[in-house]
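Each chain, letter by letter, is given below.
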Amino acid sequence: MNDMTRQGAVDPPYLYPGYRSTTLRSPLEPLVELAQGAFDVPGPLVPKSFVRDQDNDLTMHGKSAPLGEKMILTGRLVDEAERPIRHSLVEIWQANASGRYHHPGDQHDAPLDPNFTGIGRTFTDADGWYRFVTIKPGAYPWQNHPFAWRPNHIHFSLLGNAPVQRLITQMYFPGDPLLPIDPVFNSVPDETARARMVSTLVLETGIEGIALGYRFDIVLAGAKSNPMGL
Amino acid sequence: MSRTPSQTIGPFFHESLRWRDGGKVAFAAKGRPIVLAGRVFDGAGKPVGDAMIETWQLSPTGAPAGAAPDAANPSGYGRVETAKDGSFRFETSMPGGALPCIDITIFARGLLKALRTRVYLADEEHVRADPYLKPIAASARLKTLIAAKSGDSEYRWDIRLQGEGETVFFAF
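Chains as they are written, first to last, in this note's numbering: chain A, 5 to 234; chain B, 192 to 363.
To be clear, the hints were calculated from the coordinates, so they are not data collected in a lab. Predicted, not measured: the structure shown is a model, and the values here were computed from it. One should not assume that every hint holds.
Stated by the list, open to error - Some chain A residues judged to face chain B by a derived CB distance under 8 Å, without partners named:
#1 21
#2 37
#3 82
#4 109
#5 200
#6 204
#7 208
#8 209
Yeah, the Cβ is synthetic: ideal placement off N, Cα and C, and Gly gets one too.
With the hints as constraints, model all of the structure from the sequences given.
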């Protein structure tokens, strides 16, 4: 199963000149192919105490509610055989509604929101589901090329239950006009693979009169050791 | 089903992915303390000051790390960000097993997909004989996977993402 998913089939190349930062950071030598299953071994077990109540609600950590369009973000973490990845750590980070990160390196001239740091974590449940409460992040300009703006996105870090499943990716929003011109999004060569990074609007998982629902399912590599978790 | 593609970690991950004591690797039973330290460089020889490095290794007894019930972080797993000068540092225990080594994953702005490699805390003769490295057993580049011992318990190992002395990275 791992061979199906190796470099080239789904992921972006390391060197993608449209994204300038890849120029000096992409290896020139071919990657070394190890025996199959080299990364399909049990991975880190995250203690339950690592995630606290409300870590999955990014709107609860200020004195009042953050600015922006409130959203309920749900999805299911599965492997390529559609088996749930259980009790597995999901970490997210995002810009605020104005498109500014709570990060000293972000010098974008947009306001910080004292009620929003844009950081969340949770575990998937026994069926692979996760849920966050947050606000829709804003788009923001970056230095890659003239008039470069990143589309609205939320960063996801997934530990999975085996090293072969480790993934960092970004979730995008449906219908975003910046998607067709974003080099990071378009570094993924296959159109159907790109589409898997776009969430869908699902009204029923929102909260009537309060929050929109978005759904983002994530598929990690298959692993023999998959269905364990803590 | 097909996998979700990888995307870059970007430059703004620090506070969100920073783990308390992420650079102090815990085990259920502590072994001989060692330090793994080094720097990350790009293809121009400049330090990569915004990378995140993760480590995964066997326990000091050579068993899989398993759970460390009292620890705040996963047993056997380390995570740090590089400093502005590209440096990183892990305090861990000497991995058990016949050939001590630590699996390394590197994320950074400009890396659309993580890089995987492995650092060996052993001498070259033994590393060359590792069946895991069979595809590069004869390569001069294999040396990029071997840490230099410095003092009693410190191992120095730099990561070069591109160009001269480029570290061997693994497909996955």
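These are the hints, each one checked on the structure:
For the restraint placing residue 21(A) at the interface with chain B, the shortest Cβ-Cβ distance is roughly 12 Å, beyond the 8 Å limit, so the hint is violated. Proximity of residue 37(A) to chain B holds as hinted, the smallest CB-CB distance being about 5 Å (cut-off 8 Å). Taking 8 Å as the C-beta cut-off, the interface hint given for residue 82(A) holds, the closest approach to chain B being about 7 Å. Interface restraint check: residue 109(A) against chain B, minimum CB-CB distance 6 Å, threshold 8 Å, status holds.
A least Cβ separation of about 5 Å between residue 200(A) and chain B falls short of the 8 Å threshold, and the interface hint therefore holds. Hint status for residue 204(A) relative to chain B: violated, with the closest Cβ pair at about 14 Å, above 8 Å. Of the supplied interface hints, the one on residue 208(A) is violated, with its beta-carbon coming no nearer than about 23 Å to a beta-carbon of chain B, more than 8 Å. Here the hint on residue 209(A) is broken, as its CB sits about 19 Å from the closest CB of chain B, past 8 Å.
In this structure, the earlier hints numbered 1, 6, 7, 8 are contradicted, and the remaining ones agree with it.
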